[in-house]
Amino acid sequence: MSPPVSSDLGYVPPDGGWGWAVVFGASISVGFAYTFPKAFTIYFKELQAVYSISYSQIAWVTSIMCATTYGGGPISSILVNRYGSRPVVMFGGLLCGIGMVSAAFCTSIMQLYICVGFITGLGLALNLQPSVIMIGKYFLKRRPIANGLAMAGSPVMLCTLAPLNQFLFDSFGWRGSFLILGAILLNCCVAGALFRPIGPGTTSVKTQVTVEGKGALKRDVTEDAMEMSSPTNLPMKNKTEEEGDRDCCEKINQYLDFSLFKHRGFLIYLIGNVLMFLGFFAPIIFLAPYAKHIGIDEYSAAFLLSILAIVDIVARPTTGIIANSKWVRPRIQYFFSFSIAFNGMCHLLCPLASSYTGLVIYSVFFGLAFGMVCAMLFETLMDLVGAARFTSAVGLVTIAECCTILLGPPIGGTLIDTFGDYKYMFIKCGVVMVLAGTFLFIMNYYNYHMLAKEEKERKAKEEDPKTVRTENEGRNNWIKETTQDGPELEPLREEQEGPKKEVNGIIEV
Amino acid sequence: MLAAFAGKCLGGLLLFCLYLSLSGGSSADPAMTTQDASSQSQANSLTNMKNELNESFLEPMATTQIVSWQTQGRPSDPVTLEHEVSVPGPNLATKESRQTSSQSITSVQYELLLPGASGTSVETTISLEKVVEVELTCILDKEYSYLKSFQVSWKRGNETISHTNKTDNSWSIKVSVSDSSKLGSYNCTLKGEKELSGIFHLQVPKIKGKEKPTISYLRDTAVMTCECPGYTAISWTWYMTNGSKQIVINESLLADRYVISKKSASITQLKILKLTKEDGGEYWCEATFELGKSEGRLELKVLSFMAPLKPFIAIVIEVVILVALIVCYEIYSTKVKRTEAEKEFDQIEHLKSEDGGLESSEARQRRI
Chain A
553 MSPPVSSDLG YVPPDGGWGW AVVFGASISV GFAYTFPKAF TIYFKELQAV YSISYSQIAW
613 VTSIMCATTY GGGPISSILV NRYGSRPVVM FGGLLCGIGM VSAAFCTSIM QLYICVGFIT
673 GLGLALNLQP SVIMIGKYFL KRRPIANGLA MAGSPVMLCT LAPLNQFLFD SFGWRGSFLI
733 LGAILLNCCV AGALFRPIGP GTTSVKTQVT VEGKGALKRD VTEDAMEMSS PTNLPMKNKT
793 EEEGDRDCCE KINQYLDFSL FKHRGFLIYL IGNVLMFLGF FAPIIFLAPY AKHIGIDEYS
853 AAFLLSILAI VDIVARPTTG IIANSKWVRP RIQYFFSFSI AFNGMCHLLC PLASSYTGLV
913 IYSVFFGLAF GMVCAMLFET LMDLVGAARF TSAVGLVTIA ECCTILLGPP IGGTLIDTFG
973 DYKYMFIKCG VVMVLAGTFL FIMNYYNYHM LAKEEKERKA KEEDPKTVRT ENEGRNNWIK
1033 ETTQDGPELE PLREEQEGPK KEVNGIIEV
Chain B
7 MLAAFAGKCL GGLLLFCLYL SLSGGSSADP AMTTQDASSQ SQANSLTNMK NELNESFLEP
67 MATTQIVSWQ TQGRPSDPVT LEHEVSVPGP NLATKESRQT SSQSITSVQY ELLLPGASGT
127 SVETTISLEK VVEVELTCIL DKEYSYLKSF QVSWKRGNET ISHTNKTDNS WSIKVSVSDS
187 SKLGSYNCTL KGEKELSGIF HLQVPKIKGK EKPTISYLRD TAVMTCECPG YTAISWTWYM
247 TNGSKQIVIN ESLLADRYVI SKKSASITQL KILKLTKEDG GEYWCEATFE LGKSEGRLEL
307 KVLSFMAPLK PFIAIVIEVV ILVALIVCYE IYSTKVKRTE AEKEFDQIEH LKSEDGGLES
367 SEARQRRI
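So the protein lines, in turn, are chains A and B.
Every letter in the first sequence is one number past the one before it in the numbering used here, and letter 27, counting from 1, is 579.
Every letter in the second sequence is one number past the one before it in the numbering used here, and letter 207, counting from 1, is 213.
For reference, chain B alone in the conformation it holds in the complex (with noise of 0.2 Å):
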């Protein structure tokens, strides 16, 4: 029980640290994570889990975070994250330091641990909202430290970057991710007895829509919700899309018509009311972040009432039916066993008639 308790200590210690790595002010965070839709629900109960830990654990606030991953993935696999890794959530933590601080900028390390458990190479997605410095580390595991000569060099596409020797068997970079051009996919290759190497695919968030369409009726109301939790948009924009052409949904074109709410810092709501059947198709959420954009797809479909009618028609036709079938039954089975019971009461009275009262009960008994 106590190492339970120890070994859950640890790793809210290593979760709080996850959190503190980026910036942002709400709950789950699984853009960071992969695309792998069951972490992200991992990620939500985890969020819960680092929640109840954010009440116990007072927070000591530094500007520097540190998040490693234990590359767990096949080769060029995104890294899925174990259980026990966790991922961000509530930030605190650098809301405070920004606070302190607010004209430094929040400096990030991410760190990568060479090799992957399997194969020669390891990725690993890092969603940036906000300017931060960033700095990547590739750590070579002390297994391979028997390695000797091998060469480092950390490229973006075919740019090479200039790397520091952080301690042995770690080198790292760093990158001062001011706007999108600085975006991209950034890795370190171990050229020597063996090749290893890293890949950091540093973007912008991922807004979460729905894969499945939404469906509504004629006239009624459609709500489409589009969320980058974890993270806080600057703006969101809704567009739709009519033939191949994209229209902006401007509120004051049709105000009547669409509402778009704020339901809090990363999750926006569209409403459109009265719909039609031109309403049906696809709706694009685009929220603008300090780095760039991100897109959300989202489906409506509009049906008439006639379709949920006609399986609802049919099922009350089949109750009917049965039922019908049924209480013919049961009148059918009466009728046969009032003519039986009448019958029989007619063969009674006819053995009464011949012998005493006691006999043709015995004969009754006898026949049952």
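Okay, chain A solo, but in the shape it has when bound (with noise of 0.2 Å):
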């Protein structure tokens, strides 16, 4: 059996067993994230009526609301940074229910702004990321499909929430409604339950560092019912540095890792993503609109989005098997720009499709390639930064994407109301994401390349021999066995010094 420290995490992680109910409960998370607002646009027509606001107005419960959730990210990171992911995701899931029940006894359009769409949002917000936060600590070398398991939960969710809305508001109103949405989101404190925590301590006996006296194995044992899921970082500073001596920067690093924009592969991957979000959403939301503009009837075009949602159903999960293949795996950035850049391809040939079949046939690839970013979307950043400090990366990268992704369909929005037709928009979108896929490609090439410099580099230092060397000869061959962490080796080098001092202390007891 290989020896079991893999990663930068301290521990290894399950791979599996306990991790699948994890992914479970991520997708419902994750589903209600992404899902919710789209869903909640069935309301719009009454509330304009009863509030006698124009559609621009409702229009913006929704935007509050996806920008409350993306801009949400680096609070959600600091509170996982400091509690873990489980109480950040039920106080979350808490916070949505409360939201809605409060929105259903509103009386302005401004309480609905305030409930719907900041406090459901920023609840959003905290189910959002820590969900994604605790995959990357449960699997490592199946954490491609994890990531894509979880990620299918958002069009599952969209199919089976924009009925039950529709279902909802044709029995009980809007106001109903709300109430009972506000219960159907409690269910992410289920999600929340789910998220039992993990870490160095809290992992079972078996999978211990191998060299240990019984010191660090009673010390282990009681450290089980403690919340281990902060970085290893922590607990080693505080063995190792004197409690006061920490300077502010550290101190702030250690709530939301702001190291990370020294991080190369997390500045190629901020950039990249935020080009990409420019075009990411607008073609989804102006496809039924310009379906009906070429004259399909509305049935039909409410289809197209269906077939979406099925294609993408299938398409996440299968993206993260393959992106978990020995082929995939150590290039998965190549992938995923590819992916991009595919995408940006069928927006560019469709304004090409001027008939029903055309249409159905972009929604097809659409849906695979909309599918196919968003399975890898977490995914690579968690390949860049590595898992620890994911926490942090995954909070500024979303607030950054926050601009973008509310920038995009107001763009595209603008684009068609100029020109009169909705292949500018189209054209618009495809050439951003064509660019970014290029961007990535290229900037990632450029990571690979200076990665494996750095790696060698690292190798021929280490070969000088120092005090105790099992320890990082065991974790050497290993890293040149299994190549597929070859992006997370530089934070792996930080990792280092703590279970060496680890070692070094047990040995000195």
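Note that these hints are calculated values from the structure, not bench results.
Here the structure is a predicted model, which is why all the values come from computation and not from measurement.
Any given hint might turn out to be false.
Incomplete in silico selection of chain A near chain B, CB under 8 Å [unchecked claim]:
id: 1; residue: Lys590
id: 2; residue: Ala601
id: 3; residue: Asp722
id: 4; residue: Gly725
id: 5; residue: Ala745
id: 6; residue: Gly751
Cβ atoms here follow ideal geometry from the backbone N, Cα and C, with glycine treated the same way.
Two chains, each in its own frame: build the complex with the hints.
This is the structure we're talking about:
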């Protein structure tokens, strides 16, 4: 059996077992976070009539909700770094429920903005990030599959939530529906309950580091009950540094790791994704209006979206499986850039589709491309920065993406209004995504190249004999064996200090 | 690409002519087409297209407008318009013409192409809101021009109307629709080797109500909207059905509870404040046009807050039970793990006291 410590987490993720329950919980959370704003649009017409407001005023509700969900990323990251995923998700679920239930009693549009937009949005933000973080904690070897399955929760939830919303609205009107939706959102708490904390201290005895004395064993057993989902940096630093000796930067970095902005892979991912999101969501929003524009009836246009969702459901786990294969996993960044560029190509070819069959084909390919990109969205980030720093990374990335996500559809809408033709919107989205894909491809090629160079340098340095080397050699051997963690070697270097010190401490004892 | 653009232009021109055919100031008119719900949404989408085209096309005005249908439907089915054939929309043209000749009545032409795709009879529904002079024409498809000898007759019910031969294979009648008595079904029959007929249904525009009931709660506000898209109603009246009687909702009567507001030329809204159980039931909105009245039906259901509360509580209980189950299972499995770990720990202690440290770790590794 290969040596147990295999990642910067400081422990071996189970890659199964309770992890699958975590994936199920994550898919519920992710599903609610992504689809709730979309499914909410059913209530727009009624709310417009009740409050005598225009469409753009009611559309602000979902805009605020999306903005808070993405903008609340850093808050999520800080809370997870401090308290761990489980309490944060349960609190998020509670917030969502409270938000929607109070929305049921609203008497003005301002109150709706706050209750539905802000409170529910914040609750969804506290759901989304921790779910993705937990997957990184529970999976390593099978992480792409786990990510694909968890992200597949989004289209599944869309397919169930949209008709459910319609049914609730027809049976209970909008106030009753909000009340019941609040209860349904409380199921996020169930998902949160599934997020059993995991960390170096809470793994089973069997998966401990090899050379250990009884002292270490006893310590880990008593630490079982403790929440150990904070990064391993923290307890290590406690042991080796004096208590009041931390400077301000490190203290902030403990909550939200701003040092990520020096991380090459993170910056590449950030720039590429921020660019991509400019053209990511607009085509979905305008697909049905475009279909109606070229003369297709409303039901067939809605069916196009259903086709997209069904293909999406299939595409996401499949992409996860493909990304997990030994050919793709080491070069997963290329696969990701390819899928973004493929997505862009679909949009560029869409204006050529002038009949219903053409649009159906476009929907199928769009669903496929969309699923591919979504499934790998967080997997690639985890791949680049490593699971320990992923907590902060995801928060910083989502708040940066927040701006372009919100800008994308209005820009598309302006293009449509100015030119009176949908094709310019599709061309814009296609061009943006192809550019983003190419950028990511080139920059990741450079990144892989630099990582390989750094790896060689590090190996050369570590050829010199030092005090306790068994651990490091074992780890190096493992690294040579499993090249799939190539990009994670950089953070691995930092983490090696930690366990090494632990070993040192034990031997001193 | 060019062909497509040319096709679009042509379609737009046809669209435009259709719009000019009906007077009216609002956005989309589905009433003229059929009772098919989907065509209404077609109308909306095409309205947008027409709106765009309106901006790009200039609008030469004429008092006479031509409307024609390609007959596609099955016999005695209302004609369903194809996608290319459009629906009327904002009618700047007629306004202009009305301004220039305020005394003249607009004249509209409607044509039917005989026969249909299959069968011998085609129908179409024309909605008129104002006093117009209508010219109805039946055109024989040139495919059937081999039919030489036939008799053409125009009828309304049993009453025969004299017609004029517009061309070799088209016949028309002029009807001055000045009041509701002139509305009805006009049909042209071609009797010969084959019997072909076309029917024009002239009627007031249909009101779009809501098929599904509006649901509201006690002491809450209910809002019900009626609209006749594409047409301007002179006035609106709201009725409430109490038992079998229809009561006019007079605003002055219950000023504090009923608010009737005219949102635009073709949309009316009834707002009921402080709902009670008795407010539930059928409501009617009636639009008065120059040529008559038209009604739309709405339903209001008033629920108490207990209704959604039951599913709410059920789901909350389900969530609590699930969370409790998961947490209990976790505590149970942690306990099991801990006892196992302690057992192993004791075993290791025992082994260590026997052998050296390395051998015990090897044993543990082997066990793994």
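Each hint, compared with the structure:
Interface hint at Lys590/A: violated, since its Cβ lies 20 Å from the closest Cβ of chain B, which is beyond the 8 Å cut-off. Checking Ala601/A against chain B by beta carbon gives a least distance of about 5 Å; that is within 8 Å, so the hint holds. With its C-beta approaching chain B no nearer than about 6 Å, Asp722/A sits inside the 8 Å limit, and its interface hint holds. Annotation: Gly725/A was flagged as interfacial toward chain B, and the flag holds, the nearest CB pair being 3 Å apart, inside 8 Å.
Hint status for Ala745/A relative to chain B: holds, with the closest Cβ pair at about 4 Å, below 8 Å. The interface hint given for Gly751/A is violated, since its Cβ lies 14 Å from the closest Cβ of chain B, which is over the 8 Å cut-off.
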